[in-house]
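Residue numbers (my numbering), protein chains in the order written: chain B, 1 to 566; chain D, 1 to 566.
The hints are simulated quantities; they were obtained by calculation from the structure and are not laboratory data.
Check each hint, because a few of them may be wrong.
[As the list claims (entries may be wrong)] Mimicking DSSO-like on lysine-lysine, the simulated pairs with C-alpha atoms at most 30 angstroms apart in a straight line are:
| hint | chain 1 | residue 1 | chain 2 | residue 2 |
| --- | --- | --- | --- | --- |
| 1 | D | LYS512 | B | LYS4 |
| 2 | B | LYS512 | D | LYS5 |
| 3 | B | LYS521 | B | LYS395 |
| 4 | D | LYS92 | D | LYS4 |
| 5 | B | LYS461 | D | LYS461 |
| 6 | D | LYS4 | B | LYS512 |
| 7 | D | LYS521 | B | LYS5 |
| 8 | D | LYS551 | B | LYS4 |
| 9 | B | LYS551 | D | LYS5 |
| 10 | B | LYS521 | D | LYS5 |
| 11 | D | LYS461 | B | LYS4 |
| 12 | B | LYS103 | B | LYS92 |
| 13 | D | LYS4 | B | LYS551 |
| 14 | B | LYS5 | D | LYS461 |
| 15 | D | LYS521 | B | LYS461 |
| 16 | B | LYS5 | D | LYS512 |
| 17 | B | LYS4 | B | LYS37 |
| 18 | D | LYS521 | B | LYS4 |
| 19 | B | LYS465 | D | LYS4 |
| 20 | B | LYS85 | D | LYS521 |
| 21 | B | LYS238 | B | LYS159 |
| 22 | B | LYS512 | D | LYS85 |
| 23 | B | LYS5 | D | LYS551 |
| 24 | D | LYS5 | B | LYS465 |
| 25 | D | LYS92 | B | LYS521 |
Protein chains: 2
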Amino acid sequence: MADKKRIIVIGGSAAGPKAAAKARRMDEHAEITILQKAPDLSMASCGYPYYVGGVFDDRNMLLCTPTGVTRDPMFYLNAKGIVAKTETEVTKIDPKGKTITAKNLRTGNEESFPYDKLIITTGSTPRKPPIPGIDLDGITTLQSMQDADYLRKIRDEKKIKKAVVIGGGLIGIETCEALQLAGIEITMIELLPQLLTFLDWEMAKLVENHVRSNNANVITDNGVAEFLGENGKLTGVKLKNGTELPCELAVVAIGVTPNSALAKNAGLATGDTGAILVNEYMQTSDPDIYAAGDCVEIPNLITGKKVHAPYGDLANLEGRVAGENAMQGNTVTFPGTIQTGICKVFDYGAGATGLSERNARAAGYNDIETVINASPDKPGFMEGLLLVTKLVADKKSGKILGAQCIGPGDVSKQIAIWAMAIKGGLTVEDMVNADLPYAPPFSLAIDHSIAAAHIIQNKMKGRMKGITTAEVKKKVDAGENVYLLDARGPDEFDVMRLGIGEHLIPLGAIRKRLNELPEDKNAEIICYCKISLRGYEAARILEGHGWTNVKVMEGGIMAWPYPREK
Amino acid sequence: MADKKRIIVIGGSAAGPKAAAKARRMDEHAEITILQKAPDLSMASCGYPYYVGGVFDDRNMLLCTPTGVTRDPMFYLNAKGIVAKTETEVTKIDPKGKTITAKNLRTGNEESFPYDKLIITTGSTPRKPPIPGIDLDGITTLQSMQDADYLRKIRDEKKIKKAVVIGGGLIGIETCEALQLAGIEITMIELLPQLLTFLDWEMAKLVENHVRSNNANVITDNGVAEFLGENGKLTGVKLKNGTELPCELAVVAIGVTPNSALAKNAGLATGDTGAILVNEYMQTSDPDIYAAGDCVEIPNLITGKKVHAPYGDLANLEGRVAGENAMQGNTVTFPGTIQTGICKVFDYGAGATGLSERNARAAGYNDIETVINASPDKPGFMEGLLLVTKLVADKKSGKILGAQCIGPGDVSKQIAIWAMAIKGGLTVEDMVNADLPYAPPFSLAIDHSIAAAHIIQNKMKGRMKGITTAEVKKKVDAGENVYLLDARGPDEFDVMRLGIGEHLIPLGAIRKRLNELPEDKNAEIICYCKISLRGYEAARILEGHGWTNVKVMEGGIMAWPYPREK
Chain B
1 MADKKRIIVI GGSAAGPKAA AKARRMDEHA EITILQKAPD LSMASCGYPY YVGGVFDDRN
61 MLLCTPTGVT RDPMFYLNAK GIVAKTETEV TKIDPKGKTI TAKNLRTGNE ESFPYDKLII
121 TTGSTPRKPP IPGIDLDGIT TLQSMQDADY LRKIRDEKKI KKAVVIGGGL IGIETCEALQ
181 LAGIEITMIE LLPQLLTFLD WEMAKLVENH VRSNNANVIT DNGVAEFLGE NGKLTGVKLK
241 NGTELPCELA VVAIGVTPNS ALAKNAGLAT GDTGAILVNE YMQTSDPDIY AAGDCVEIPN
301 LITGKKVHAP YGDLANLEGR VAGENAMQGN TVTFPGTIQT GICKVFDYGA GATGLSERNA
361 RAAGYNDIET VINASPDKPG FMEGLLLVTK LVADKKSGKI LGAQCIGPGD VSKQIAIWAM
421 AIKGGLTVED MVNADLPYAP PFSLAIDHSI AAAHIIQNKM KGRMKGITTA EVKKKVDAGE
481 NVYLLDARGP DEFDVMRLGI GEHLIPLGAI RKRLNELPED KNAEIICYCK ISLRGYEAAR
541 ILEGHGWTNV KVMEGGIMAW PYPREK
Chain D
1 MADKKRIIVI GGSAAGPKAA AKARRMDEHA EITILQKAPD LSMASCGYPY YVGGVFDDRN
61 MLLCTPTGVT RDPMFYLNAK GIVAKTETEV TKIDPKGKTI TAKNLRTGNE ESFPYDKLII
121 TTGSTPRKPP IPGIDLDGIT TLQSMQDADY LRKIRDEKKI KKAVVIGGGL IGIETCEALQ
181 LAGIEITMIE LLPQLLTFLD WEMAKLVENH VRSNNANVIT DNGVAEFLGE NGKLTGVKLK
241 NGTELPCELA VVAIGVTPNS ALAKNAGLAT GDTGAILVNE YMQTSDPDIY AAGDCVEIPN
301 LITGKKVHAP YGDLANLEGR VAGENAMQGN TVTFPGTIQT GICKVFDYGA GATGLSERNA
361 RAAGYNDIET VINASPDKPG FMEGLLLVTK LVADKKSGKI LGAQCIGPGD VSKQIAIWAM
421 AIKGGLTVED MVNADLPYAP PFSLAIDHSI AAAHIIQNKM KGRMKGITTA EVKKKVDAGE
481 NVYLLDARGP DEFDVMRLGI GEHLIPLGAI RKRLNELPED KNAEIICYCK ISLRGYEAAR
541 ILEGHGWTNV KVMEGGIMAW PYPREK
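Using the sequences and the hints given, assemble the complete structure.
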């Protein structure tokens with residue numbers, strides 16, 4: 001029947017099945033086919049690290065619906081009316097003839113399929129460094145179900161003692177935690193000076209400290225120069241600085257490359273990131289071909305610049321738009337991303353949305369304000385846990401540009417709040433009086449996010465001069481003549497303190513002990529406490545008494561990423 | 001010194017101390033005085049139920065800073081430079097003479113204090129029903145520290161066996177849980193047909209079922225007519241329908257009345273709610289007098305109508321604005337509320353933001369769309385927990401008007417997301433492609449909130465005809481000729497089912513069993529499953545095969561508030 005629309009979807013992991021299912025719901029009678037290179041379909045690939053780490057043991061949970069039905073070709077046929085062919089690699093797209101050629105990887109046979117509309121969801125491939133020894137046994141990535149099986153087997157066999165994880169991004173950190181849970185001694189190696197590049201350095205440093213405190217080693221500013229082996233098996237890695245680390249396993253997690261070759265070979269346009277170019281309808285340069293997921297580039301909604309954002313949630317949303325438009329013409333749009341991301345780091349969360357300070361400056365935002373806020377997520381009597389947030393806002397418009405949050409507290413809610421603030425184009429002024437759900441089991445009376453807005457507002461109004469922990473450290477290391485004021489109580493000071501030459505004057509005693517402060521009213525004074533709330537109040541008192549150069553160390557001791565005396 | 005501004009704050013619970021502290025940070029040299037009727041200051045009153053329930057045992061945690069310093073007059077003097085007088089009741093405001101008269105409740109002495117700016121934060125008083133027996137021993141509220149002490153003592157003494165909680169709002173539910181945790185047999189009595197009036201009926205009913213499943217009795221649509229007693233002590237309550245319930249304790253939680261008499265007597269304007277009128281600067285009808293917290297009314301930002309919104313978080317935000325403006329003239333504003341609220345209901349959360357369907361219709365929104373979405377908050381392999389959300393949107397503009405969410409899952413994040421969506425004036429279209437933080441430990445690939453937006457979008461585009469559980473129940477009870485299709489698997493059906501005459505046809509079998517469906521293509525068919533995702537797919541299949549009157553029961557079995565066969 002010529003009136004049955006033929007839709008072919010290349011790729012069956014995240015965006016592909018979503019596009020196919022959406023297309024089906026738009027038209028019960030279309031012919032919809034998914035061609036998938038891998039043996040499995042619709043894998044919950046973001047769950048691999050938790051399977052490897054033993055958070056759950058039933059492998060099938062990665063492959064089945066919530067009610068336990070495996071998402072295999074039979075499921076797709078019966079429940080969705082979709083033909084899904086696995087181990088089927090598409091080798092060529094002929095846009096003129098509107099056909100694709102696919103190879104059955106089991107038989108080697110090639111076959112052609114005609115399409116009315118094509119949806120490319122070919123995903124991405126983990127990058128591998130082109131260095132000696134890369135093909136040794138014991139070197140893997142964690143991207144496919146097969147990778148997950150391989151690492152899970154290592155966990156279950158309990159033979160491997162030492163491993164390295166190469167790359168300190170999201171996947172690297174999740175893999176590090178998974179292997180550490182498997183009882184393996186881990187070293188994480190990152191070429192850049194920090195982990196998790198969606199965070200600014202001082203935030204990433206707090207995450208690094210937390211990784212270390214969970215008995216994983218971290219090496220930054222250093223890369224792998226060579227994989228060392230014996231009899232074809234990995235025995236260690238040699239770093240760029242010459243250090244050799246013995247290990248039996250190396251997981252490479254240095255990012256992914258979009259799988260755009262098939263599209264490129266068919267003459268479809270790709271962008272600067274190397275990924276397939278699509279418009280807001282998820283349509284490629286060929287109007288009959290759509291693309292979605294890790295193989296495309298999409299606009300960053302803040303900068304307007306195209307980015308490669310290989311996130312599972314975006315793949316699903318893009319797939320939904322591609323599927324609907326492929327079926328019934330361009331009616332819905334996918335506007336882009338603000339690059340919201342989160343990962344679990346042992347019992348911490350670490351997330352970000354929008355622009356970091358570094359990315360904001362790189363994008364040309366030169367007049368920005370930032371702040372670091374540390375506070376619990378809930379009251380102490382409800383066992384509140386620490387959150388540290390860094391907020392970035394445009395000074396003139398007050399617009400929120402980005403937020404980063406880490407800590408054992410409810411990071412996910414904080415990032416969701418800021419993601420929505422950015423989505424709504426909200427300003428600091430808007431956030432200062434946000435109306436969020438408050439009850440002691442869920443938040444402070446003034447939510448952590450709102451408090452962060454209050455502090456950045458104080459800075460923007462010139463009521464608070466902030467200084468970062470990094471700047472303080474530099475001053476201390478350089479022997480600069482600054483007066484450091486810790487405004488906590490003596491009991492707190494006994495238990496924990498920086499030990500950088502600070503003077504302890506409890507907040508409640510400052511007004512009586514002003515004579516202990518520098519006589520020179522222009523002397524540089526830096527106030528702080530555990531989270532710098534009392535530090536801020538101390539600064540206001542000193543300014544009220546005539547000192548002109550008083551700063552607050554943002555986030556206080558909780559944001560200090562360097563070793564402490566205690 | 002005449003250049004020292006004199007600020008008096010009447011009330012020292014939430015808004016008052018916040019206003020005073022903010023005023024101090026604006027001016028180190030002003031004279032700031034808090035006059036507080038109660039013996040304590042800055043009590044974490046929202047924490048009372050958790051102290052009563054034994055979530056924590058250290059009473060001082062309700063009264064001290066995070067580092068353990070009690071917020072008493074000495075603390076205020078030393079740390080804040082604020083004079084705080086407790087057990088001091090302000091009896092009169094003289095706006096012309098700019099003085100107030102206060103009575104020392106310990107000595108009975110009256111004293112006058114002059115002010116330059118006055119801030120009224122007198123809070124609210126729990127309503128008590130004017131019915132016989134209201135003064136018996138054993139009847140209390142849970143609003144003051146003394147109430148909390150009284151109820152905590154009851155918990156610790158373990159003598160009382162039976163109690164009633166009168167009122168099924170936030171405080172009523174929190175008190176119910178607290179007393180149930182104290183081992184007391186509880187009956188909750190609500191005059192209206194439902195608990196938690198910020199929820200629509202069908203959502204509240206799910207909460208009610210959860211309260212019952214925690215061994216607390218719930219009586220709705222009924223009130224207390226009389227308190228029964230012997231020798232001055234409560235022995236029971238008589239309900240309006242004549243039922244008598246024996247009990248030794250009754251906690252009254254039927255709402256609060258703003259304490260506006262002092263202001264009214266001074267000639268300040270009050271509004272329709274009986275609370276003090278303020279402008280966006282939190283300034284009363286007298287330019288030298290500000291007010292904040294439970295004693296004022298503020299705009300609902302959606303309807304524009306003034307409301308009495310006695311929430312602890314708003315009190316703090318309003319106090320901050322009042323304190324700053326009182327000190328340095330009107331520079332900052334508090335725009336109003338979207339009436340975001342949340343409470344813990346045993347291991348459930350229940351929250352809402354914006355308008356419920358009922359409130360939207362009452363406010364004149366006649367062209368609205370609603371949807372109920374049920375899904376886990378996280379993947380099954382991360383032990384996701386159920387969330388049920390009801391979303392309300394304006395049909396023409398697509399604007400989100402309100403959201404309600406309940407369940408054991410992460411309700412707080414969901415409500416925060418929707419609160420921010422409303423704050424940003426976002427539409428369904430915006431939410432459909434929201435960029436939220438995704439990783440399996442924190443959410444589904446398509447977050448529950450985004451999925452709710454997808455479903456309401458499908459409804460708005462006419463792709464899904466929804467029907468509520470209440471409408472289905474009505475049809476079934478009336479014996480209407482509807483074909484009910486449960487699209488789950490037989491194993492699921494064996495374990496749990498409605499038993500309302502439904503036909504089980506698993507989603508994957510529907511295309512082969514179309515002959516079992518009504519021959520009449522206009523017959524009314526209602527599809528559902530556990531959460532109605534498969535129900536929706538089933539409906540799309542049937543529509544694709546020509547049935548014209550196919551509906552999806554929103555939220556599926558998880559949103560069914562009535563008894564089930566299994």
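- Task: Take a quick look at whether LYS551/B and LYS5/D sit within 30 angstroms of each other, Cα to Cα.
- Result: holds, 26 angstroms
- Message: Next pair to validate is LYS512/B with LYS85/D; report whether the Cα-Cα distance is within 30 angstroms.
- Response: holds, 21 angstroms
- Query: Is LYS5/B within 30 angstroms of LYS461/D, Cα to Cα?
  - Reply: With a Cα-Cα distance of about 22 angstroms, the restraint between LYS5/B and LYS461/D holds, given a limit of 30 angstroms.
- Task: For the pair we were handed, LYS512/D and LYS4/B, check the Cα-Cα distance against 30 angstroms.
- Result: holds, 19 angstroms
- Item | Satisfaction of hint between LYS395/B and LYS521/B, Cα-Cα up to 30 angstroms | holds, 29 angstroms
- Going straight from one Cα to the other, do LYS4/D and LYS512/B come out at no more than 30 angstroms? With Cα atoms ~19 angstroms apart, LYS4/D and LYS512/B stay inside 30 angstroms; holds.
- Under the criterion that the straight-line Cα-Cα distance not exceed 30 angstroms, is the pair LYS521/D, LYS461/B satisfied? Violated - the C-alpha atoms of LYS461/B and LYS521/D are around 67 angstroms apart, more than 30 angstroms.
- Item | Agreement of LYS4/B and LYS37/B with the hint, judged by alpha carbon distance not exceeding 30 angstroms | Judged against 30 angstroms, a Cα distance of about 26 angstroms means the pair holds.
- Verify the proposed pairing of LYS461/D with LYS4/B, using a straight-line Cα cut of 30 angstroms. holds, 23 angstroms
- Query: Hey, LYS521/B versus LYS5/D, does the alpha-carbon distance stay inside 30 angstroms?
  - Reply: holds, 24 angstroms
- Message: Hint check: LYS521/D vs LYS5/B, CA-CA at most 30 angstroms. Holds or violated?
- Response: holds, 24 angstroms
- Satisfaction of hint between LYS159/B and LYS238/B, Cα-Cα up to 30 angstroms: Given pair LYS238/B, LYS159/B holds - Cα atoms ~22 angstroms apart, limit 30 angstroms.
The structure does not agree with the numbered hints 5, 15, 20 and 25 stated previously, though it agrees with the rest.
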